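Kindly produce the complete structure, drawing on both the sequences and the hints.
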Amino acid sequence: MPTLIANELLKLRTTRAPWLLAAGGPLLTLLGVTGLFASGADTGKADTATRAVAHAGMVSLLALVLGILAVAGEYRHKTITDTYLATPRRARVVAAKLVVYTGLGALLGVACAAVALPATAVGYAAKGASLDWGDTGVWRTLAGGVVWNAAFAAIGVGVGALVRNLAGAVSVALAWIALVEGLVGQLVGGFARWLPFAGGRAVGNLAPDAGDLLPQWGAAAVLVGYAAAFAAAAVSTTVRRDIT
Amino acid sequence: MTEISVRDLTKRFGAARGVEELTFDVPSGQVTGFLGPNGAGKTTTLRVLLGLVRPTSGEALIGGRRYADLERPRRVVGALLEATGFHPGRRARDHLRILAATTGVPVSRVDEVLELVELAGHAERRVGGYSLGMRQRLGLASALLGDPQVLVLDEPANGLDPAGMAWLRGMLRRLAAEGRTVLVSSHVLSEVAQTVDHVVIVHEGRLRYAGPLDGLGDDSLEDAFLRLTGPVPDPAGGAPQRPGGTAPAAAR
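These protein sequence lines are chains G and B, in that order. Each step along the first sequence adds one to the number in the numbering used here, with nothing skipped, and position 185 is 185. Count along the second sequence starting at 1, add 1000, and that's the number in the numbering used here.
Simulated from the structure, these hints should not be mistaken for lab results. Please read all numbers here as calculations on a predicted model, not as lab measurements. Careful, some of the hints might be misleading.
As the list claims (entries may be wrong) - Here are some, though not all, of the chain B residues that point toward chain G, as calculated from beta-carbon distances under 8 angstroms:
(1) L1050
(2) R1054
(3) S1057
(4) Y1067
Just so it is clear, CB atoms sit at the ideal spot from N, CA and C, and this is done for glycine as well.
Set out below in structure tokens:
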């Protein structure tokens, strides 16, 4: 297993897409925080700091795409054949990918948090105010952002292993977030808060005023549940499937 | 014990025909050509042999064991399949370094195989810039990485220029002379005739001939191939030809 994990890291290091995604996350976070203050955020309001640092969690969309690349990217370039020839116990390959990409998602979350927090402090300073570093809401939001990134990366691995077609998997995932979950949410009423993107927003404290989200801890548990369910489905289908 | 043995192998893809009750052996120390028209079931057979596709029934064994049961499979079997691919943005040496770790060989072996397939000068290039022939060589390098006793190559001559073909022929002969089992699928019959000692011919998922090349009789390999893979004389379900060793299959 350590060999497989090291191998997944080597695969990541030797292509450019992961680096671009990793660089894009902190950059988007910086843009988001800066934009919030540039558009006249009121530093006098209690939740402004939380709203600013919540941008670190939104990067989870990139974590999701990164996770999808793990398996679907190997199908795309047909390197999956060599991967499974070297490790016929395919479940171990998927497990190694889950470990690596979950860790990577968390790392992306930490990197974005490390950008969001000072950017927010600078935003406050620019308006002649100062950020309250003891604000637990800020720290819980940053921690939630890390969890959101890690969970979405893991879910991405599962989605990529299930769908396998790279373009298809990315389309399905982004369409779900941008469109489908909203439509489904209207149909299922109160159950909507249990859906994955609602769970992510609750964990990352995105739009914390919205009363229809789960509490942060509950949402974190829901995300872990989704990641586990996708992982289980990914492993069970991957083991049986013909590679043609 | 590194012979390949295929026993009563059947694979159906839904209603589509894959292979039907295929039985043949591939001896070590020789180059065996695996021949048949497109869609005959060659690739399916190789994929079952390599554990990538589950057979409907029957089995394909390497030295008496299923591929998935081999301890370090790439040390025993080197494979080059048509569907084997490369990440275009990855450098050739990195591609092989990744495989070296899971194959279970030191990184120094990477440079050895790059030298062997004459790609050492292009090792730092991204594979996206490779020609088809260079990719084929890189695929061969991947197959040879584990110094395996068994080589399974699906259309390895694809994309090679005449010099590359000659080089490949020499390589295959040398590997077989070292006692290895070499199974090569191909549709370029003239190329095969110069390289192989043993042939397995399949058509529409069924075995038409398995045995030494000279067991095909006096006609050329091409004539024998066309005869064996031509319209089946008794489509109503005559018994498929059994691997008869030296026995030519269809009516002459």
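Taking the hints in turn, this is what the structure says about them:
no.: 1; hint: L1050; result: holds (6 angstroms)
no.: 2; hint: R1054; result: holds (6 angstroms)
no.: 3; hint: S1057; result: violated (15 angstroms)
no.: 4; hint: Y1067; result: holds (6 angstroms)
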